[in-house]
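Peer 1: Please build the complex by placing chain B on the supplied structure of chain A, with the hints as guidance.
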Amino acid sequence: MNIYALVKRTFDTEERIAVSNGKIVEDGAEFIINPYDEYAIEEAIQVRDEHGGEVTVITIGDEEAEKQLRTALAMGADKAVLINTEDDLDEMDEFTAAKIIAEYLKDKNADLILAGNVAIDGGSGQVGPRVAELLGINYVTTITNLEIEGTSVKIIRDVEGDSETIETSLPLLVTAQQGLNEPRYPSLPGIMKAKKKPLDELELDDLDLDEDDVEAKTETIEIYLPPQKAAGRVLEGDLSHQVKELVDLLNKEAKVL
Amino acid sequence: MSKKVVVLGEAREGALRNVSFEAIAAAKTVAGGGEIVGLLFGDAVQSLGEEMIKHGADRVITVEHPHLKHYTSDGFGQAFMAVYDQEKPDAIVFGHTALGKDLSPKIASKLASGLISDVTAIDGEGDDAVFIRPIFSGKAFEKVKNKDGLLFITVRPNNIEPLAKDDSRSGDVSSVSVDITNLRSVISEVVRKSTEGVDLSEAKVVIAGGRGVKSAEGFAPLEELANLLGGAVGASRGACDADYCDYSLQIGQTGKVVTPDLYIAAGISGAIQHMAGMSNSKVIVAINKDPEANIFKVADYGIVGDLFEVIPMMIEEIKKVKTN
Chain A
1 MNIYALVKRT FDTEERIAVS NGKIVEDGAE FIINPYDEYA IEEAIQVRDE
51 HGGEVTVITI GDEEAEKQLR TALAMGADKA VLINTEDDLD EMDEFTAAKI
101 IAEYLKDKNA DLILAGNVAI DGGSGQVGPR VAELLGINYV TTITNLEIEG
151 TSVKIIRDVE GDSETIETSL PLLVTAQQGL NEPRYPSLPG IMKAKKKPLD
201 ELELDDLDLD EDDVEAKTET IEIYLPPQKA AGRVLEGDLS HQVKELVDLL
251 NKEAKVL
Chain B
1 MSKKVVVLGE AREGALRNVS FEAIAAAKTV AGGGEIVGLL FGDAVQSLGE
51 EMIKHGADRV ITVEHPHLKH YTSDGFGQAF MAVYDQEKPD AIVFGHTALG
101 KDLSPKIASK LASGLISDVT AIDGEGDDAV FIRPIFSGKA FEKVKNKDGL
151 LFITVRPNNI EPLAKDDSRS GDVSSVSVDI TNLRSVISEV VRKSTEGVDL
201 SEAKVVIAGG RGVKSAEGFA PLEELANLLG GAVGASRGAC DADYCDYSLQ
251 IGQTGKVVTP DLYIAAGISG AIQHMAGMSN SKVIVAINKD PEANIFKVAD
301 YGIVGDLFEV IPMMIEEIKK VKTN
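The listed protein sequences correspond, in order, to chains A and B.
Just so you know, we're using this note's numbering here: the first sequence kicks off at 1 and counts up by one.
Just so you know, we're using this note's numbering here: the second sequence kicks off at 1 and counts up by one.
Be careful, since some hints might not be right.
To be verified - Here are the simulated SDA-like cross-link-like pairs (lysine to any residue), alpha carbons at most 25 Å apart as the crow flies: (1) 143(B) - 89(A); (2) 154(A) - 70(B); (3) 23(A) - 121(A); (4) 143(B) - 230(A); (5) 320(B) - 237(A); (6) 297(B) - 251(A); (7) 154(A) - 51(A).
Calculated from the structure, these hints are not laboratory results.
Chain A with its partners taken away, still in its complex shape:
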């Protein structure tokens, strides 16, 4: 089976976000594979181990993203592709990213494409479904279980807490929700092997794309931090008194009861 996983390099979830001149400060920050994409990679590896085939991980970014691709290879992916847009694009949006990835995938005859259901930085969850639509294949988002038999696929997806069982078929794009699996940590032999696995680097030119073809449709004009909350009140006195006071405050001051 020909399997692809879409990966994004993101800030570590532990990072505090700093903003300077309307932009995120990246200096000194730790970067990781977007946590939802880790579920996608893990599932891709499990599907390959059960059904055979090959897992290719793809990312868009600059050469810094090589580190996250090597991690995916160390987890067990077979090949990696970095589409390096550093020299070509100053800004991109979800339209841009989806167009580039779909252009890369259009002649690859992918059976199964996996992605995270959302990236924890931008948080729009658009790129997966957009890619599927551009490729003309079906997609299912926020999946928590995947069973494949031949070309038949049975999926359980999370819909705002409820779960839906879906029957569909390959080729297919799915996006991973938490609970799909428990992503493995790269093993030491895995890390050693990953160094020798193929990692291709492409630019827009290699995909016959112009900057104009992928020009963003939306524009971020400013990034800012939410206003700091004033320190709250920790109530005092004996517990029953505190609870009375709390309920009174919620009722009369905050007016939320």
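Peer 2: Frame of chain A; chain B shown alone:
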């Protein structure tokens, strides 16, 4: 320039979701006086059209088909494109719900348009509208504008104030017949896990438990309080990892992001990943035995104490207030 805006309304258990009215309010802001056209897709939605008009839509178009009883991206995609081709709107507004998140990128891709997802506020109006959306799960915000062409946004539930319902408004509710064919996904089963029908992401009150809840049974008082307040129960990652509850309840950077009017964190220490999912709530109450817990830093009101003592007392106290 005024814009014609289409708004996709969404029904849940036979009634329109609040986010549909919030989406109409957002549409009004960007329309610059243009027409607001509500859309409803389903197997029996005709009767809901009037509700959209009373909340600000000028007219409503429904597409009814047995294949639209359950949402699928193919079915709703076909219905939407048929109406789109007929109406040629300048802007589209969906709710940022499970349905909206799933369908909007497909439509945006078909129309080769931008899509500004998960909008929580709009600065300015008409052609000058700039959209505010959280990034890094609410640790920061970005202001985004649409370049040329079709404007397409999804609005996060609970953030944009709906217009007041006006019973005197009237408008045309018409139906369009669309042949819905070739659905590639078939839904064979739906299992409802959410409590009492209150959706976590839309709830006005969220009672969330952490490791301090200690067991699955420990969630019982939280559920009782949630039911009393018409709210939903959530959880921290710690509680989910410990198997006290389902991952569908998880609030945080991975998991759901919620912005209720009242968020009560019980036995939650307040890891940065959890705070990313709830710190924009309007009023936050923290209940924790550890006075040094991080959660107190974002709480408006805090009680240092055992949640198993505090929550039952709160339930009694709130019942007293409610009966007065």
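Peer 1: Could you run down the list of hints and mark each one as holding or not?
Peer 2: Verification of the hints:
Simply put, residue 143(B) and residue 89(A) have alpha-carbon atoms about 20 Å apart, close enough for the 25 Å limit, and the pair holds. With a CA separation close to 17 Å, the supplied pair residue 154(A) and residue 70(B) stays within the 25 Å bound. Restraint check for residue 23(A) and residue 121(A): the C-alpha separation of about 13 Å stays at or below 25 Å, so the hint holds. Taking the CA atoms of residue 143(B) and residue 230(A), the gap is near 24 Å; set against the 25 Å cutoff, the hint holds.
For the hint pairing residue 320(B) with residue 237(A), the CA-to-CA distance comes to about 21 Å; that is within 25 Å, so the pair holds. Pair hint residue 297(B) plus residue 251(A) holds up; C-alpha atoms about 22 Å apart against a cutoff of 25 Å. Taking the CA atoms of residue 154(A) and residue 51(A), the gap is about 15 Å. The hint holds against a cut of 25 Å.
Consistency note: the structure conflicts with none of the earlier hints.
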